[in-house]
Amino acid sequence: RKEVEQDPGPFNVPEGATVAFNCTYSNSASQSFFWYRQDCRKEPKLLMSVYSSGNEDGRFTAQLNRASQYISLLIRDSKLSDSATYLCVVNNNNAGNMLTFGGGTRLMVKP
Amino acid sequence: GAVVSQHPSWVICKSGTSVKIECRSLDFQATTMFWYRQFPKQSLMLMATSNEGSKATYEQGVEKDKFLINHASLTLSTLTVTSAHPEDSSFYICSARSQPGLLPSYNEQFFGPGTRLTVL
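Sequence lines, in order, name chains A and B. Numbering follows our numbering, in which position 29 of the first sequence is assigned residue number 29; successive positions increment by one, without gaps. Every number in our numbering is 1000 more than the matching position in the second sequence, counting from 1.
Simulated from the structure, these hints should not be mistaken for laboratory data. All figures in this text were calculated on a predicted structure; none of them were measured in a lab. Just so you know, not all the hints are guaranteed correct.
[To be verified] Just some of the chain A residues that point at chain B, by a computed CB distance under 10 Å: (1) 36; (2) 44; (3) 85; (4) 103; (5) 104; (6) 109; (7) 110.
[Said to hold, decoys possible] The list that follows gives simulated cross-link-like pairs (lysine-lysine, PhoX-like), each with its CA atoms no further than 20 Å apart: (8) B:1055 - B:1020; (9) B:1041 - A:42; (10) A:2 - B:1055.
The beta-carbon is built from N, C-alpha and C at its ideal position, and this holds for glycine as well.
Between the sequences and the hints, there should be enough to build the whole structure, so can you do that?
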């Protein structure tokens, strides 16, 4: 079983749609959680951290369920520019602060 | 702030040659740098963790004699792919992390733009 699992997609949605991505992680000792965005042939860029209480940044909402070891990302009012691969990333702080990346979920927003 | 550069951004080489990739933290001192590899349509896989002034720690399955890592200063780490073969063709990305107690946040890794290696 992979440490961080995501549905690879692609998710094809029209502009303005709301789309949700899910992610599960296997290491219950994981302490920090992130969503990164990666555009084609580019490096990943931090989109947002994920906190236990849930957090929102504009059109993006992230939630964490530690009991179920589950992380989600909700994107409201999708824009064409949201088209990218979204990576669920887990940091097991006890293992030297290393990041473990999920396989990514590809989003394509169409006009 | 927190900018990481990589050089070169892309390289094409013949099989059997060695390729050196540089990773630099431009505006902060990076105690630790990480090297990742990403094959097409796959996620980033950590290859090794490099701490300034000490030997790199390699992940299982990564040959340390093939992927030589040098982290000689707090702003520079290099990855040398020795005797590269077509199966080494990939997107190599480094990231850098600051020191505890200093900015930028120690808990965040800052990624370089990546180096695309093609071995013919």
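key: Restraint outcome when residue 103 of chain A is required to lie within 10 Å of chain B by C-beta distance   = With a closest approach of 4 Å, the residue 103 of chain A hint holds.
message = The hint names residue 36 of chain A as touching chain B; please verify it with the least Cβ-Cβ distance against 10 Å.
response = holds, 9 Å
query = Regarding the hint that residue 109 of chain A lies at the interface with chain B, is the smallest CB-CB distance below 10 Å?
reply = The hint is violated - residue 109 of chain A has no Cβ within 10 Å of chain B, the shortest such distance being about 19 Å.
query = Minimum Cβ distance from residue 44 of chain A to chain B below 10 Å?
reply = Hint on residue 44 of chain A: holds, closest Cβ of chain B at ~6 Å, below 10 Å.
request  = Mind checking the CB of residue 85 of chain A against every CB in chain B and telling me if the closest is under 10 Å?
outcome  = With a closest approach of 9 Å, the residue 85 of chain A hint holds.
query = Hey, residue 2 of chain A versus residue 1055 of chain B, does the alpha-carbon distance stay inside 20 Å?
reply = Answer violated: residue 2 of chain A to residue 1055 of chain B is near 28 Å, above 20 Å.
request  = Verify the proposed pairing of residue 1041 of chain B with residue 42 of chain A, using a straight-line Cα cut of 20 Å.
outcome  = Distance of about 13 Å is within 20 Å: holds.
message = Tell me if the interface restraint on residue 104 of chain A is satisfied: Cβ within less than 10 Å of some Cβ in chain B.
response = With Cβ-Cβ at 6 Å, under 10 Å, it holds.
ask   = Does the nearest C-beta of chain B fall within a distance shorter than 10 Å of the C-beta of residue 110 of chain A?
value = Hint violated; residue 110 of chain A Cβ to chain B Cβ min 20 Å, cut 10 Å.
inquiry  = So if I understand the rule, the pair passes when the alpha-carbon distance is 20 Å or less; does residue 1055 of chain B with residue 1020 of chain B pass?
reply    = holds, 17 Å
Violated hints, listed in ascending order, are 6, 7 and 10; each of the other numbered hints is respected by the structure.
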